[in-house]
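Read top to bottom, the protein sequences are chains R and C. First residue of the first sequence? That's 1 in the numbering used here, and the numbers climb one at a time after it. First residue of the second sequence? That's 1001 in the numbering used here, and the numbers climb one at a time after it.
In case anyone wonders, no lab produced these hints; they're calculated from the structure. All values derive from a computational prediction rather than experimental measurement. All residues carry an ideal CB built from backbone N, CA and C; glycine is no exception. There may be inaccurate statements among the hints.
[Unchecked claim] Not everything, but these chain R residues come out facing chain C in the computed CB check (under 7 Å):
| hint | residue |
| --- | --- |
| 1 | E141 |
| 2 | F163 |
| 3 | L202 |
| 4 | A242 |
| 5 | S245 |
| 6 | G246 |
| 7 | A249 |
This is what each chain is made of:
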Amino acid sequence: MQKSEATHLDRKGTPAWGALTGRLLGLLLGVAPLLVFMAVFFFWPLWSVLWASFQDNYGTFSLGNYIQVFQEPYLSAFKNSIGLGLISALTSSIPGAILAYLIESRGSERLRRLVASVSSVLANTGGVPLAFMFIAAFGMEGSATMLLKNLGVNIYAGDFTLFSFTGIVFVYTYFQIPMMVIVFSPAVHGIRREWQEAARNLGASRLQFWSNVGIPLIFPSFIASFLLLFASAFSAFATARAMSSGTIALVPLMIGNLVDGNVFVDSFNLGKALAMGMVVVSALAMIPYLIIQRRAARWQA
Amino acid sequence: MNLKRIVAVAAASAVALGMTVAIATPSAAATNYCKVTNLKAAGGMDALVKAAKKEGQLNVITLPRDWANYGEAMDLFTKAFGIKINDDNPDGSSAYEIQTIQTAPAAKQPDVVDIGVAALNGVTGAGRPSLFANYKVATFNHIPTEWKDPAGAWYGDYQGIIALAYDSSVSPAPTKISDLTNPAYKGMIALGGDPSGAQQAFMSVFAAAIAKGGSATNIQPGIDFFKDLKKSGNFTSVVANGENYVSGAYKISLSWNFNGPGAIASAKAAGKTLKYVIPTDAVLAGTPYIQAINKKAPHCAAARLWEEFLYSENKGKLTSQLTKADLKLSGSKLFAKIMGGQNIFVLGGATPINKDAMIKAKKIVDGPAGLNIPKGAKIIQPNPDQQDAGKKLVVAQWPTL
């Protein structure tokens, strides 16, 4: 930009505002669809939720909703939802990352393509159908339960139940691990074989390569993928609702009851304040990523 | 002076008379059905049917076909009057109904709503704009005073009683709520949703409270009961619905009695035998659901005809019994020939709001077998304030059950 301004000045002695604005206009036109999309589907809903969250149910300004957010049962709901997000991200990101590495480094091109397409199908399975699949397979009379029983393994002999916190984490792995494979594979792909060979030629052990080169290289991507998994488990609604009947305090379920229930119809805006709480948690979760990304960018550049 | 006055009075009355005539004539020719507040003002049943037929459609909202026999009611209305019914989001909630009235564009507005008392209390009351149009159905006087707005803005329509629903394979068969602690029922018991959000599940907890020594003002024993059931592993938090039942995820649930006939039929189609019984240790009646005509109704005549139909106490023909000859009858004769909505609710297992008047006039049909209230049982019906108090406890304790 500065350069072109200088040339225009040199040539005519006055800045060529016409050319400049034309260029700006072109740029604006180019990004306009994105801006409109963001405005309609992101900023406007965000604003309307924020606006309503500061009102009582009859449209008067109030901080009452936010005062309630910091009280029970909503406080434990936030703790549980954040816990669910972290545990689900942890249990899925590590196996997912190892799987991605194995497929990228050892797998044939055909296997890689197969895994990619299977993963994208599985990663998009969610909601009530996902819950139902697991109920039909691993419920008390599920087909997998019965099969295992015939093989002499009764998964219900102990305290196991699908309808618990652990059960939900288990069900979420079904879409979380494939999602990890999808988002993490490009990062693994970025580690070139030449680097490994170069390190080995210089006498580095495999462990040294990974600890000094490999892991630092892919760590920002790993954290980014981890956060994506965190966000999807943190905000997932329908599966948890179908499996828990509300016996586990989770923020999305409480929002659901407040804005779309038969028992409460006078607390829509409390639901919106809870939603803003989720926005804040998601935003805070981005901070460690930004820090790591900035540090990584310094030596990657 | 005297003469002048007489002339003036005469002239004035003539003008006034002329004006009344002038106003009366066009209004008789084109009734504004959106302002009509009773059948007489609508010009009688023939005129109302004619106007509703002309509109040709009725927008209803969140009416599941297997809920309180609404499927039959909708089919009969459509067949008799040739009015197409659009049912928006059949499985939606009362909150969805209210939000749709508040936000949907004109053509997508529901004509009539069927909402819970909690939803009604959330939108009515002093200082809040009325969402509903006043209309008094022909049987308005039969509706108990506490369940209707004096001006006809809303009125109760039917109510349910919490029943035990169980698969025929369950042994021993439960007959009361306190039976549910039986270790033989491990992992078998479910509720129809989260009691903090689903009225049916919430009232099920209330029923458990009654069975365990609680009352309309004390829901705590019900919460404790489910806490124990969860601890023993009998209560599974899977949502009680048709698919989960068929897949074997649960075998026993608590449910409104008026969902029985529909659920039994669906179970039969899937090769299962589902049974309903009113528990002997708790007869818990819900508060009636509420009917109201939307002030912004796009089909004003059809909305009013629908309400007349739902509150009709006729013993008459069902959809499958209507003949071609019946359909050629005039509006009022056809209306008198079809089964009234109040009796359609009875056939679905629900208690119609006009029950007392219908029994007195011997106009009530027999309900489905097996859903009888145990003899001598005391019916408990928590009022909206008692429900509000119960809700607070459920919301605080259920998430850590």
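Outcome of the hint check:
1. E141: E141/R check passes; min Cβ-Cβ to chain C is 3 Å, inside 7 Å.
2. F163: It holds, given that the least Cβ distance between F163/R and chain C is near 4 Å, below 7 Å.
3. L202: Hint on L202/R: violated, closest Cβ of chain C at ~57 Å, above 7 Å.
4. A242: holds, 6 Å
5. S245: holds, 4 Å
6. G246: holds, 3 Å
7. A249: Since chain C brings a Cβ to about 3 Å from A249/R, closer than 7 Å, the hint holds.
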